[in-house]
Amino acid sequence: MKGNLIISVSPHQKEKPSTPAVMRGVIYALIPAVIASIYYFKLRAFLLIIVCIAGTVFTEAIFQKLRRKPVTLYDGSALLTGLLLALVLPPTLPLWTGFLGAVMAIVIGKQIFGGLGHNIFNPALVGRAFLMASFPVMLTTWIKPGLFDAVSTATPLSMMKFDHSVTSTLYLLLGNTGGSLGETCAVALILGGIFLIIKKYMDWRIPLSYLGTVFILSLILYLIKPGQYATPRFHLLSGGLMLGALFMATDPVTSPITKKGRYIFGIGCGVLVIIIRTWGGLPEGVMYSILLMNAFTPLINRYTVPVQFGGRKK
Amino acid sequence: MRLKSFKQGIHPGYYKGLSENGPIKKCPSPKKVIIPLSQHTGAPCKPLVERKDKVERGQKIGEADAFITSPVHSSITGTVKSIDKQPHPVSGSFDAVIIERDESIEEKEWEKGVIDLEKISADEVRKKVREAGIVGLGGAAFPASVKISPPKEKPIDTIILNGCECEPYLTADHRIMLEYTDDCILGLKVIMKTVGAKKGIVGIEANKMDAFKLFLEKTKDEGNIDVELLEVKYPEGAEKMLIKALLSREVPAGGLPMDVGVVVHNVGTAVSIVEAVRDNKPLIERVVTVTGKGVNNPGNFMVAIGTPFSDVIEAAGGLKDNAVKVIMGGPLMGIAQSGLDVPVVKGTSGILVLTADETDIEEEVNCIRCARCVDHCPMYLIPTEFVKFARGEAWERMDSVNIMDCIECGSCAFVCPSKIPIVQYIKLGKLALRNLKSKKG
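Which chain is which? The protein sequence lines are X and L, in order.
The numbering used here applies: residue 748 is where the first sequence begins, and numbers increase by one.
The numbering used here applies: residue 2 is where the second sequence begins, and numbers increase by one.
If you're looking for bench data, these hints aren't it; they were derived computationally from the structure.
Don't take every hint at face value.
[Said to hold, decoys possible] No farther apart than 30 Å at their CA atoms in a straight line, the calculated lysine-lysine pairs in the DSSO-like style are these: (1) X:Lys1007 x L:Lys438; (2) L:Lys47 x X:Lys947; (3) L:Lys47 x X:Lys946; (4) X:Lys947 x L:Lys8; (5) L:Lys389 x L:Lys47; (6) X:Lys763 x L:Lys8; (7) L:Lys321 x L:Lys8; (8) L:Lys47 x X:Lys763; (9) X:Lys947 x L:Lys86.
Only chain X is shown next, with the shape it has when bound in the complex (with noise of 0.2 Å):
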């Protein structure tokens, strides 16, 4: 023994994931996802991801030297925040309105209710939310995958509500369609989910109740009336439901505390995303799903407090 004893309070051991190390897994489960992007969107999809990246964390170190608050670039989250926003950006998207989505992510999604942990709203969903309040047309046009030059289309979805056309499953699992950089390659996505289960840096109860929702309404509607209402199938692999359900909606910050909470927050989410699909004016819904379910959180960790053990009344 060399010095002083160290003094500290129980537990003396603790588990080895650390914040940063989650938000790092996190991160790392979106490789598939970028690497699909970038192999459909070529160059604008990575110089999208670059520039969303270092406006999120130039933003995150900014903002907190002008508040004089120790830096926590280290923790990882700005840039997973940066990374998240880029793969719900249209390819096309001009690299300035990236920037500057980046920057009113972190500032007005995370920054100004006090930084990491604080924020009601996810992020990368509130810079992107900006963007398509402030450059509507810009956020809904799209290009064919896999071109060096860019052949404009619609997404899969706005194709099935306004002319009815259903695109390939194979397509959808693989991501040749057209949509955002992270949405499009379902496969990716579901490995990146499989991983963070694995890992236990993600809790299922989301994801499932979020997806399990979609798949239960889009098959009664489906039922009722086939020839219009897409199949259920197309509906979890469109879109960017499964960004959403897998790496949005089961953002710790912002989702409920409470096991029963989660299953409701994702319930909601599902129930949402088929409203505004269905009969909304938007052809997607995923994104404002999560945003008003975001909303509702400390309603619902509120009224899903667990009865302490000894507690229930006999």
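Using the hints provided, position chain L relative to the given structure of chain X.
Below, chain L without anything else, positioned relative to chain X:
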């Protein structure tokens, strides 16, 4: 077979192999002992001896006039050197009697008597257990005589013998179950007789199969004693969790096991009760696990109460150069010590010496509300609320989130990825709340 268990909880690394294989060794009788006048839950003792008094091994040297208390005895034969404030492993410092050993006198030993279960009376058992200064040896050190004196309106139907030892590293109870099997079972019968319980259950975690099989074999002719295997999960050995796992009964919030007709005793306590009732031997020594990578020869030792930690660690081959932390108890609920001059007390189940790579002292970051603490709390509490209210010093609101139900098992802080010292906030909150309540009267 599906093992019995409770909901939530954690699966830490156990490291019991360091110390569980060898038999219990005797720690050499120390040159001096420090006997704190409070080693239990309840009223502290007043000294019965003065400076320069000669005392004998087993002589009562402190007691108090209260229901919830426990007398203390000298663990060696010698002379009282002083009675003053001394380091204490739980409360930092406390009044203690220091006794220097007289090496010319042979230490008193107790001969093994016999117990006639038919003849002994409940009052006799209670009196002997109280006089012997027996407290719960699992760590909480609650006076055993109080536990076996339930009020008439709370009939007890089941006695549980707690052989879970769910804290990592510790193996004292495991060795006791292997080496004092008959006394454990006899102790269970004595307790059952005393409180009039019809049924006895021995609960053993599945990482001690040898002990489980031994108990099964020895109780095969006992119709009213069951031996049950429990899932290896922390905190399986916490009273409330254990009762839930074995009997599916939930001790009401703020209540005691006796509220659901149960009394739980640690296996080591049962052995001490037998020694008190059968041999009239007071609680002056106990089995202590000395372990961790920071100690040279980990093992279990029979240690005289009051022996300084330094003597016990010496018996285990001494500290290694890379030892950085000495803990009384296990890694999840144990108390870190600032020096090795503290004495072994009745509640010292282990002395754990950790090296730098065994102890986690990572930097704290913001709570990300991942709710791992909520998902693992065995009491179904919301630890994030405790942290929030403690930081805001909103002590009264901590009551509304049931902070007093927390058993401080540390599962929440164990799983927290942001490394927030949740237990520290909880201890702070409970203390502040108690002070607030006592001020209000």
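Verification of the hints:
1. X:Lys1007 x L:Lys438: violated, 33 Å
2. L:Lys47 x X:Lys947: Given that 30 Å is the threshold and the Cα spacing comes to 53 Å, the pair is violated.
3. L:Lys47 x X:Lys946: Violated - the C-alpha atoms of Lys946 of chain X and Lys47 of chain L are around 55 Å apart, more than 30 Å.
4. X:Lys947 x L:Lys8: Answer holds: Lys947 of chain X to Lys8 of chain L is near 18 Å, not above 30 Å.
5. L:Lys389 x L:Lys47: violated, 41 Å
6. X:Lys763 x L:Lys8: holds, 22 Å
7. L:Lys321 x L:Lys8: Roughly 39 Å between the alpha carbons, so the hint for Lys321 of chain L and Lys8 of chain L is violated.
8. L:Lys47 x X:Lys763: Roughly 47 Å separates the two Cα atoms, so the pair is violated.
9. X:Lys947 x L:Lys86: Given pair Lys947 of chain X, Lys86 of chain L is violated - Cα atoms ~49 Å apart, limit 30 Å.
Hint violations for this structure: numbers 1, 2, 3, 5, 7, 8 and 9, all remaining hints satisfied.
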